[in-house]
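Numbering of the sequence shown is given in this note's numbering, commencing with residue 83 and proceeding in unit increments.
Simulated from the structure, these hints should not be mistaken for lab results. Hints are supplied without guarantee of correctness; some may be wrong.
What the hints assert, rightly or not - Keeping only pairs whose Cα atoms sit at most 27 Å apart, straight-line, the calculated BS3-like set for lysine-lysine is:
{"#": "1", "residue 1": "K144", "residue 2": "K155"}
{"#": "2", "residue 1": "K180", "residue 2": "K195"}
{"#": "3", "residue 1": "K155", "residue 2": "K180"}
{"#": "4", "residue 1": "K144", "residue 2": "K195"}
{"#": "5", "residue 1": "K155", "residue 2": "K195"}
{"#": "6", "residue 1": "K180", "residue 2": "K144"}
Said to hold, decoys possible - Label pairs and their computed distance ranges (CB to CB):
{"#": "7", "residue 1": "P186", "residue 2": "E152", "range": "28 to 34 Å"}
{"#": "8", "residue 1": "K180", "residue 2": "N153", "range": "17 to 23 Å"}
{"#": "9", "residue 1": "G174", "residue 2": "T142", "range": "29 to 35 Å"}
{"#": "10", "residue 1": "G163", "residue 2": "A125", "range": "28 to 34 Å"}
{"#": "11", "residue 1": "E115", "residue 2": "A176", "range": "28 to 34 Å"}
{"#": "12", "residue 1": "S141", "residue 2": "L201", "range": "34 to 40 Å"}
{"#": "13", "residue 1": "T200", "residue 2": "R117", "range": "30 to 36 Å"}
{"#": "14", "residue 1": "E197", "residue 2": "S141", "range": "25 to 31 Å"}
What you are looking at is a predicted structure, and each value in this text was computed from that prediction instead of being measured. Every residue gets a Cβ at the ideal spot worked out from N, C-alpha and C, and that includes glycine.
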Amino acid sequence: MFSSRFAALLALIAVFGISLPAQQTPDTNAPAELRLAGVVRTAEGAPVPGSTLRVIQTSTGKAWVSWTDENGKFDFPGLPGGHYRVEISQLGFAPATKEIDLAPGPQAPIELKLEIGTLAAINALHATQESAKSVSTKRRALERSCQISAFR
83 MFSSRFAALL ALIAVFGISL PAQQTPDTNA PAELRLAGVV RTAEGAPVPG
133 STLRVIQTST GKAWVSWTDE NGKFDFPGLP GGHYRVEISQ LGFAPATKEI
183 DLAPGPQAPI ELKLEIGTLA AINALHATQE SAKSVSTKRR ALERSCQISA
233 FR
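The whole structure should be built from the sequences, with the hints applied where relevant.
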């Protein structure tokens, strides 16, 4: 009985085959996946948590976005090699930009600095945001009035 089950199993294997996983060889033409990591600090060295970072590969325009943690640290894993522009922003600080080249090999964490924004720059940003809210509010009111008049 055991031999008949074994024979049946061998017959199934022969008919359907068993695919054994082949050893995977790395694709030498595939772009290397690199990591961009570091910290955002003030000029005085204090970490800036919640900063928005936008990393743009200059050759393709492809962008990645992330935020700093409570210690001002950030991490962009899996980036292809190339030239990047890093844009950093945080409310109350002047925006900053840094150009970086990522290439295979050891990559030390980078330190990015944000300068405290001037009151004029903060007020201008606030005025822009308020203006956008005002336009949005006026647009919604206009849309409502158009909808109401359409039902009359």
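The hints, checked one at a time:
{"no.": "1", "hint": "K144 with K155", "result": "holds (22 Å)"}
{"no.": "2", "hint": "K180 with K195", "result": "holds (10 Å)"}
{"no.": "3", "hint": "K155 with K180", "result": "holds (16 Å)"}
{"no.": "4", "hint": "K144 with K195", "result": "holds (24 Å)"}
{"no.": "5", "hint": "K155 with K195", "result": "holds (12 Å)"}
{"no.": "6", "hint": "K180 with K144", "result": "holds (16 Å)"}
{"no.": "7", "hint": "P186 with E152: 28 to 34 Å", "result": "holds (31 Å)"}
{"no.": "8", "hint": "K180 with N153: 17 to 23 Å", "result": "holds (19 Å)"}
{"no.": "9", "hint": "G174 with T142: 29 to 35 Å", "result": "holds (32 Å)"}
{"no.": "10", "hint": "G163 with A125: 28 to 34 Å", "result": "holds (31 Å)"}
{"no.": "11", "hint": "E115 with A176: 28 to 34 Å", "result": "holds (32 Å)"}
{"no.": "12", "hint": "S141 with L201: 34 to 40 Å", "result": "holds (38 Å)"}
{"no.": "13", "hint": "T200 with R117: 30 to 36 Å", "result": "holds (34 Å)"}
{"no.": "14", "hint": "E197 with S141: 25 to 31 Å", "result": "holds (29 Å)"}
The structure agrees with every numbered hint stated previously.
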